[in-house]
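Enquirer: Residues per chain, in single letters:
Protein chains: 8
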Amino acid sequence: MDKKEMLALLTKVQRGEVSPEDALLQLKLEPFEDIGYAKIDHHRGIRQGAIEVIYGAGKTTEQIMGIVGRMVQDGRQDILITRIRPESAHAVQKQFPTEYHELANICIVNPNPTREAVGSVVVASGGTSDMAVCEEAALTAQVLGNRVTRLYDVGVAGLHRLLSNLEPLMTARAIIAVAGMEGALASVIGGLVDCPVIAVPTSIGYGANFGGLSALLSMLNSCASGVSVVNIDNGFGAGYLASMINQMEGIK
Amino acid sequence: MDKKEMLALLTKVQRGEVSPEDALLQLKLEPFEDIGYAKIDHHRGIRQGAIEVIYGAGKTTEQIMGIVGRMVQDGRQDILITRIRPESAHAVQKQFPTEYHELANICIVNPNPTREAVGSVVVASGGTSDMAVCEEAALTAQVLGNRVTRLYDVGVAGLHRLLSNLEPLMTARAIIAVAGMEGALASVIGGLVDCPVIAVPTSIGYGANFGGLSALLSMLNSCASGVSVVNIDNGFGAGYLASMINQMEGIK
Amino acid sequence: MDKKEMLALLTKVQRGEVSPEDALLQLKLEPFEDIGYAKIDHHRGIRQGAIEVIYGAGKTTEQIMGIVGRMVQDGRQDILITRIRPESAHAVQKQFPTEYHELANICIVNPNPTREAVGSVVVASGGTSDMAVCEEAALTAQVLGNRVTRLYDVGVAGLHRLLSNLEPLMTARAIIAVAGMEGALASVIGGLVDCPVIAVPTSIGYGANFGGLSALLSMLNSCASGVSVVNIDNGFGAGYLASMINQMEGIK
Amino acid sequence: MDKKEMLALLTKVQRGEVSPEDALLQLKLEPFEDIGYAKIDHHRGIRQGAIEVIYGAGKTTEQIMGIVGRMVQDGRQDILITRIRPESAHAVQKQFPTEYHELANICIVNPNPTREAVGSVVVASGGTSDMAVCEEAALTAQVLGNRVTRLYDVGVAGLHRLLSNLEPLMTARAIIAVAGMEGALASVIGGLVDCPVIAVPTSIGYGANFGGLSALLSMLNSCASGVSVVNIDNGFGAGYLASMINQMEGIK
Amino acid sequence: MDKKEMLALLTKVQRGEVSPEDALLQLKLEPFEDIGYAKIDHHRGIRQGAIEVIYGAGKTTEQIMGIVGRMVQDGRQDILITRIRPESAHAVQKQFPTEYHELANICIVNPNPTREAVGSVVVASGGTSDMAVCEEAALTAQVLGNRVTRLYDVGVAGLHRLLSNLEPLMTARAIIAVAGMEGALASVIGGLVDCPVIAVPTSIGYGANFGGLSALLSMLNSCASGVSVVNIDNGFGAGYLASMINQMEGIK
Amino acid sequence: MDKKEMLALLTKVQRGEVSPEDALLQLKLEPFEDIGYAKIDHHRGIRQGAIEVIYGAGKTTEQIMGIVGRMVQDGRQDILITRIRPESAHAVQKQFPTEYHELANICIVNPNPTREAVGSVVVASGGTSDMAVCEEAALTAQVLGNRVTRLYDVGVAGLHRLLSNLEPLMTARAIIAVAGMEGALASVIGGLVDCPVIAVPTSIGYGANFGGLSALLSMLNSCASGVSVVNIDNGFGAGYLASMINQMEGIK
Amino acid sequence: MDKKEMLALLTKVQRGEVSPEDALLQLKLEPFEDIGYAKIDHHRGIRQGAIEVIYGAGKTTEQIMGIVGRMVQDGRQDILITRIRPESAHAVQKQFPTEYHELANICIVNPNPTREAVGSVVVASGGTSDMAVCEEAALTAQVLGNRVTRLYDVGVAGLHRLLSNLEPLMTARAIIAVAGMEGALASVIGGLVDCPVIAVPTSIGYGANFGGLSALLSMLNSCASGVSVVNIDNGFGAGYLASMINQMEGIK
Amino acid sequence: MDKKEMLALLTKVQRGEVSPEDALLQLKLEPFEDIGYAKIDHHRGIRQGAIEVIYGAGKTTEQIMGIVGRMVQDGRQDILITRIRPESAHAVQKQFPTEYHELANICIVNPNPTREAVGSVVVASGGTSDMAVCEEAALTAQVLGNRVTRLYDVGVAGLHRLLSNLEPLMTARAIIAVAGMEGALASVIGGLVDCPVIAVPTSIGYGANFGGLSALLSMLNSCASGVSVVNIDNGFGAGYLASMINQMEGIK
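As they're listed, the protein sequences go chains A, B, C, D, E, F, G and H.
Following the numbering used here, the numbering of the first sequence begins with 1 at its first residue and continues without gaps.
Following the numbering used here, the numbering of the second sequence begins with 1 at its first residue and continues without gaps.
Following the numbering used here, the numbering of the third sequence begins with 1 at its first residue and continues without gaps.
Following the numbering used here, the numbering of the fourth sequence begins with 1 at its first residue and continues without gaps.
Following the numbering used here, the numbering of the fifth sequence begins with 1 at its first residue and continues without gaps.
Following the numbering used here, the numbering of the sixth sequence begins with 1 at its first residue and continues without gaps.
Following the numbering used here, the numbering of the seventh sequence begins with 1 at its first residue and continues without gaps.
Following the numbering used here, the numbering of the eighth sequence begins with 1 at its first residue and continues without gaps.
Looking at chain A on its own, in the form it has when it is part of the complex:
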């Protein structure tokens, strides 16, 4: 939709021929239609922010290279690729300026040197084995322009570790609590703070954790208020939501 078309649309709205809602919907959809390249898989439909996201799982190196190439050509910065396999990451690194975070399975192509870091998002985790999910969350939030504090290995079985880190928790605007096994971290943090807590169950563990089910159920049943839950291992989703909350403007 070029300027002329957009003008035409708004004129119709003014004349009452098109409702404001329909116009809104049309404008919102526009960017997609512009691309005209069916193979681009926009990460779970995100089009609100300043960044581009590619969900790497199940994509071949060729597909990823194609999509990234197109985005770079369009002058995009901070292109985030999640769940990327090492071989794809190395291919991307060779051809484009790229930060590759191996542990998090994330690439950031054309990293923005002037990226901001505002507000305060805390990523807390119960153990060191949850770190891949944690970093997916933390890097997502960073790329989206949030100041991020990492509090790793502060699980509830050693409460002192959590209690000696009260300050960042108490001043956070959004907290991501990542935990596998019994998932109690979200409840304990939720009882200590006044800001939204996003709980991320992880599939880390063995036996009766049933692939993350134990942590998931535990977090859903949290008796602390202000806690909500995303899918097992969904670090990206938590980072994205934390960014949304952290960057909220005040009510005017």
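Rather than coming from a laboratory, the hints here were simulated on the basis of the structure.
Among the hints, a few may not be true.
Stated by the list, open to error - Once the Cα atoms are required to be at most 30 Å apart in a straight line, the calculated DSSO-like pairs of lysine-lysine come out as:
hint	chain 1	residue 1	chain 2	residue 2
1	H	252	E	252
2	A	252	B	252
3	D	252	C	252
Said to hold, decoys possible - According to the in silico footprint, chain H covers these stretches of chain E (three or more CB under 8 Å from chain H):
hint	segment
4	193-207
5	223-231
Claimed, not checked - Each pair of labels, with its calculated beta carbon distance range:
hint	chain 1	residue 1	chain 2	residue 2	range
6	A	165	H	17	21 to 27 Å
7	F	57	A	165	46 to 52 Å
8	D	112	C	167	29 to 35 Å
9	H	85	C	168	51 to 57 Å
10	B	87	D	69	30 to 36 Å
11	G	112	D	87	44 to 50 Å
12	E	57	D	69	48 to 54 Å
13	H	61	A	97	30 to 36 Å
14	A	97	B	249	32 to 38 Å
15	B	86	D	69	27 to 33 Å
16	E	57	G	57	19 to 25 Å
17	C	167	D	76	30 to 36 Å
18	H	171	G	164	20 to 26 Å
Because the structure is a prediction, the values reported are computed rather than measured.
Note that the Cβ used here is the ideal one computed from N, Cα and C, for glycine as well.
Fit chains B, C, D, E, F, G and H to the given chain A structure using the hints.
Expert: Chains B, C, D, E, F, G and H in isolation, oriented as in the chain A frame:
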């Protein structure tokens, strides 16, 4: 803790005898210790806001009357009682100025006539049968001072109902999506808006919904970003979290 | 059963010695007994249509070659092999005229150059990662003589993608809705159209999708009418059923 | 939308100001907006057919009476109320001409004396205890104008009962297979016939049937082609879908 | 087995005619055979301690009265009846000297006035609604001669409540941690103390707690050492095990 | 226990010094104690029959060779090794006279040339992919001396295949019904015959079969009498039980 | 089918016009068609034995009376009604000579005074609370003419109770092991005896028994050979199968 | 915290400036803060005993070498590494004096030559395939200074094996019962002994054991008293808890 004690504590902090974190913790805990009445069951540990909440399920009428009486004596307004049985509600109504919302199983004792309604929280639901959960969420948010818009019966099987209500959705600061059965509402809304969406699965349905499990799994697997989930039927938790998000101040 | 035998059977029916039902059953079973080669595994007992189907999973290359050889010898066209491994497919391709659809794990041996394409079957999918299941469904329907329209990557988190494709949906005679994760696509399409919708849950996803369970439950609980469900990842079954429905004759 | 408005819309389409898809959507939604009575809960959004459906579960007698009254006033015939409680049914019977089918928990208000019965839908069931679900399916199909044949108590543990009823099965255009316990009926019928089979698992049984889960899984895993499944106990959905299939026109 | 028989047995052992193991088994079984009254249902086979236990669930008042009568006749004290219905309890109270603990559904018949209270068992719970299970555990431990400290309503969402009760926890010899919902209490306590922690999940909660499953899985996955789990709501089992541990003698 | 010891034991019984039950137990246990070689893992405690069984899963080639060697040395015939890996089987074949059934993962060492085949056991299966489990059952029954008839690929979706094999089914003394997917075979056979039917669910299938759960639940819920179920894929157990039943003597 | 018809059929067989299998099937089905009274619900298709069985669950008193009346008129003895409600039982008792076993929810109408009791079936149970299921099994076996020994309350937590009853176990021809909770009884018995063991899981228990699931899984995983499982609480099925096995004739 | 600091703290306590509880907490936490090396992952927060534990799963060889190196440098003995991969174990063995127990996946670095073995812990298992879990439990208990008796392959299907080992069971102070499949071992042992029994379900088995779920549920439902359960395959946790119990001092 009276003023003198508080001064003493802060002096210790100044002298380095007590860490700021410990002092913070002590101050935070204080209100509880003051009450000195073990039987008061603070609703899942909420002490941040201006209201008092009582979780009515599993409490006798006598217990509820006792707790309410104590709170009224303390001059509390907007005392919210959730999941209250009709007979308890009637007893409360007789003795105290009370709004009783039968459908939502909620009483508001000593309702605050000057209560504010700021920002914009939307409660959307898939069907009319989810209304008890919806109203628990909506009333909780209202008592906490939020402006609430209800969009009921806008399930995805009749998309037009949702699409003809885009305006309140697009201007909301937080949306609560309540749905049983297939729980798709959260994903569809999440794909349309830019604010946090709190998904509440309900146990409404029959057959393979397995007490809300179908909606829960569906919502956790939402491919829209910005969606997180609370426990099945947990209208209160959603209303509380929506209030937290809606009333966030901007980053200074 | 040769002509003489068949005549004998019908004579018996005429004389009342054999009931019409028994005769029907005998005639229906006949083709099988004729083959006289126990190793042929007819794809889930299909013998109604003009094509032959081989379920490739768990069969060795030798077994597949043997069955195909026999069928080719019998002059069969459009022999469909589903869930075939690449090595088996390559062996088949070497020896017989074969279309190999790698993504769908399907081979079509002796493709029929005059195959028809009647009516209208739509295969719609939520994301690009469901494409293997989609293509299994679409190719099955094509080989069975149906005109197939593919609408891929029209998931509910980006509703505009679906809404800008209303025309093929509204004119379809049968729609196959393929989706993993939250599986909401079937409900949304079911609410828009007037024809049968066959929902295919896929095992695509991670975390709380539990191998397709989330999409399965979601689809079973669809609140739209006209929606029914086949097994997780069962593209063939959906394509077969869609063909049955699409090719129904009118009531005389 | 009156004629003038409709003309205006179509003129816009002609001029290219509104796309055909948008117009289609507007026209499709229209009937709903006309009603202007928010409390009417259209049964899972069905608006395609000639009948009106009310889902009675969870509705008070007053709510049902109100909705029915409005529909009768509009001159509607064959108003189907499903899952209605006896007391509500009696109230409806008193005030309106009503057929009450107690076993099926169904009322048909203003039954149409000239209702057609075309094509052939068979409802088959494994045991007598599934009869409530069967009758919900059968009556739904009848009200929608289909000729319905009932084959009850033809479960697979007594195969002869099924085999002595081959004729109606073999000439049906759509078959609804209702079964609890091990749910094998759908597979056996699916292997005998050439038309679509709609499987309805029921919650009838005890022990390891887990509220219908055993029949549900069994039916989803059917190795017969042409079988698809609806939710546990969802007789209405099966009847509705069977009607859709039975009344399909031939490809022109 | 009277003295003479016992002598005979031991003589056989001395002569090598009977192995020590067989003799041990015979001696161990003896008390049972003496009773000679088949209807007595010894509480899950306990015969080690000084008390008698009757599992009241599923027993009629008559059956309970019969068993108690027999035991009283035998001069038993501290006869513990668990899971007793009120009407049975009242019947027992009328005829025998009985302490009836209504909340815990427990009767203690012929309470021992000189009962000891040694060592230290703590019963801690997450919320007031778990109190029935807590009291079943606590009373069981008391009747078995243990000193019991109750720490109720110290759930992890309000950590200060737990931390201000560190002293009894740190000096306990065995701790029973009772919690429903997310069940995190066991992990937090397990991380603070050095003695065995017996976790009791409760069925208290709603939604995704699935009858105690969430707490059960959470507790089994505890990352604190020294924690083990008993069945959902099994207060008796926990009290019994805690007694066993608390009363262990030192290694000589 | 040599003859002298056995005599001594029986003398004690005669004198009343040892009860017949104890003597029975001692005699029954004897064979085990004789072996005096801890590493021999008797297949699930079987010691009743004339054969020896080794459960090969999880055993190294060395362990298997050791156990077999010992048994051969003892002059054993028809040593059955189940779930053996190919490499172990080849090692066994090299050193001992062995029948290796690759499909069934079974070795028979020192096959008995004069082995009997009495009575009639039928092994029926739904599809060709269940053949490994079928053969485990069939070979087990054969080695145990039963006459075995195989009816493979007679699944219920093609009923004619089953009905044209009624004769062996109707004359069997025990039938093993092996089926994956929907597991309906056991019910259909159970309804046709008068002898015990042992149902073996298999893990064959995909999607909602959940590793054999669908067939398992289906079989447990069979509405045919005379049907019982063993563990998923437990061909050995079914063969063993069928042998027990087939070889029962008549009541004298 | 009267004699003339039967002769006609057999003549056809002789002439080769009808296969022996078809004739067999026709003869087997005949008894059913004779009855000509659609409402009779033959208990899960049993027609082999000398008795008649009515499954009482879900039947009204009127339905039961009707069916029983018809059977009595036909001169039937030992009519077994399972899962009958007390009010129906009392109605039956009033009108017909009836043994009513309240605990087992069973009526035996027209009890046969000359009923046999051959062979040996043992019904063993873990606890007294499983008695309803036990008695359903035991009475079914008795009515079918088997000698039945009851060994109740011999659960594995008090092994001596089982070991002091070895004699009846060791001489049984079929054993029914009934157990709820952990269901270990079947394994322990299976390891002691040489005859088939039919395991019946019961829904007795609480907490993590999940309606009998724990016992069911435990029994399916039994490492003893000769054990098979029927549905949860299915005493009738176990009694019927035990009778089949107990009354097997020897191989001629 | 050096002496001076500790003195200061205690002085504050004396003066009432700091509560004893706070001081206790500070002292308890101290050791951790001393280490000052974030990468050290203390095995589930254990700091009570004389040994160091490293959870090897998910750690690289480099990470393990780094942590071990640091501990060795600190003069630690009996450093236990659980769930270590062979390649990491070999690297550790090369550089440090190490006992490597391959079957148990355990390394003991700097084994203490004067390590004690007090009291009596029995590790009993149902089959030889559970040995890895058994040895993890047994070695953990040994390193912690307990005398350990192993009773392997004493499953309940061969009761005599268990009964001929009564002596060590009856004199144990704590018993670890390890079992997969039906998990009945814990119940049987629990019914024989008077000391705490720690049940460890294992994931060993196939079919309906569902990764250890069958044994887990069976053990949780044990009707023997004194039995509690740890996570599936959690040998370490069982060994640790058994040590805690075995080494309890008597009540003074």
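Enquirer: Take the hints in turn and mark each one as holding or not.
Expert: Hint-by-hint comparison with the structure:
1. 252/H - 252/E: Given pair residue 252/H, residue 252/E holds - Cα atoms ~13 Å apart, limit 30 Å.
2. 252/A - 252/B: holds (14 Å)
3. 252/D - 252/C: This hinted pair holds, its Cα atoms lying about 14 Å apart.
4. 193-207: This one holds; 4 residues, not fewer than the three required, reach chain H with a Cβ under 8 Å.
5. 223-231: Coverage by chain H holds here, the residue count being 9 at a Cβ distance below 8 Å.
6. 165/A - 17/H: 21 to 27 Å: Holds, since residue 165/A and residue 17/H (Cβ atoms, about 24 Å apart) stay within the stated range.
7. 57/F - 165/A: 46 to 52 Å: holds (48 Å)
8. 112/D - 167/C: 29 to 35 Å: holds (34 Å)
9. 85/H - 168/C: 51 to 57 Å: Cβ of residue 85/H to Cβ of residue 168/C: about 54 Å, so the range 51 to 57 Å holds.
10. 87/B - 69/D: 30 to 36 Å: At roughly 33 Å between Cβ atoms, residue 69/D and residue 87/B fall inside 30 to 36 Å, so the hint holds.
11. 112/G - 87/D: 44 to 50 Å: Since the Cβ atoms of residue 112/G and residue 87/D sit about 46 Å apart, the hinted range of 44 to 50 Å holds.
12. 57/E - 69/D: 48 to 54 Å: holds (51 Å)
13. 61/H - 97/A: 30 to 36 Å: holds (33 Å)
14. 97/A - 249/B: 32 to 38 Å: At roughly 37 Å between Cβ atoms, residue 249/B and residue 97/A fall inside 32 to 38 Å, so the hint holds.
15. 86/B - 69/D: 27 to 33 Å: Holds, since residue 86/B and residue 69/D (Cβ atoms, about 28 Å apart) stay within the stated range.
16. 57/E - 57/G: 19 to 25 Å: holds (24 Å)
17. 167/C - 76/D: 30 to 36 Å: holds (31 Å)
18. 171/H - 164/G: 20 to 26 Å: About 24 Å separates the Cβ atoms of residue 171/H and residue 164/G, which means 20 to 26 Å holds.
Comparing the model with each numbered hint stated earlier shows that all of them hold.
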